[in-house]
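> Using the hints, position chain B against chain A.
Protein chains in written order, with this note's numbering: chain A, 1 to 115; chain B, 1 to 115.
Keep in mind that the hints are not guaranteed to be accurate.
[As the list claims (entries may be wrong)] Straight-line distance between alpha carbons at most 30 Å, and here's what the computed DSS-like set of lysine-lysine pairs gives:
hint	chain 1	residue 1	chain 2	residue 2
1	A	K110	B	K17
2	A	K49	B	K57
3	A	K107	B	K11
[Claimed, not checked] A few chain A positions that, by computed beta-carbon distances, are all more than 12 Å from chain B:
hint	residue
4	S18
5	P55
6	L56
7	W83
8	D85
9	E88
10	V93
11	S96
12	L103
13	S112
14	I114
[As the list claims (entries may be wrong)] Some chain A residues close to chain B (C-beta under 7 Å, calculated; not the full set):
hint	residue
15	N32
16	H43
17	L44
18	L46
19	F51
20	G97
In short, the hints are calculated from the structure, not lab data.
All residues carry an ideal CB built from backbone N, CA and C; glycine is no exception.
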Amino acid sequence: AQSVSQHNHHVILSEAASLELGCNYSYGGTVNLFWYVQYPGQHLQLLLKYFSGDPLVKGIKGFEAEFIKSKFSFNLRKPSVQWSDTAEYFCAVNPSGAGSYQLTFGKGTKLSVIP
Amino acid sequence: GAGVSQSPSNKVTEKGKDVELRCDPISGHTALYWYRQSLGQGLEFLIYFQGNSAPDKSGLPSDRFSAERTGGSVSTLTIQRTQQEDSAVYLCASSAGTSSYNEQFFGPGTRLTVL
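So that you can see chain A by itself, here it is in the shape it has in the complex:
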């Protein structure tokens, strides 16, 4: 079975600071990788995803993530955060292919951006 580790429980940044949230997964085969975001009072929504190809993927709102296969990592980055990025961020994986629908999530990282 796969597992996901998010290293930071709570990150506090000032506006315009750069962001990197760590995510490592454990699985012996090929995986799909996702970052979901949950803004305060809102439902979980997809930020970006990686299936194959270019390991650097770009998502909404200026976020990007890089898949490093040798490190089993999929870290989320943003060059300059805004107050509106305050949210909880979840990394998730599932095995690639048909019938592999179950997402395994990390415990989440809460990001607080101070104006």
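Same frame as chain A, but now just chain B:
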């Protein structure tokens, strides 16, 4: 179009009572998932429905938990004889297919508190 909806948004119950949580998936989505988010934990997979196929119940934590999906649309998650450890946010998601490449769209969740 309308997203995934869940009701109630909040439910407070006494230990030992039964509760029913409802999920309306996005119209046309054949796959439906239930997840549980406990305090400080990531999302935990509970159960999955796809069309008329037998559901994948592998994530249900005990036999007090059950779910059904009527007419391939609305789903109800039932927890019998609730315990305090059942307190969590219960999230429903739907997707257009069963492949691992199909994005799962999440509802706002039902926050269950067992006193």
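> Output the indices of the hints that this structure fails to meet, ascending.
1, 9, 10, 11 and 12
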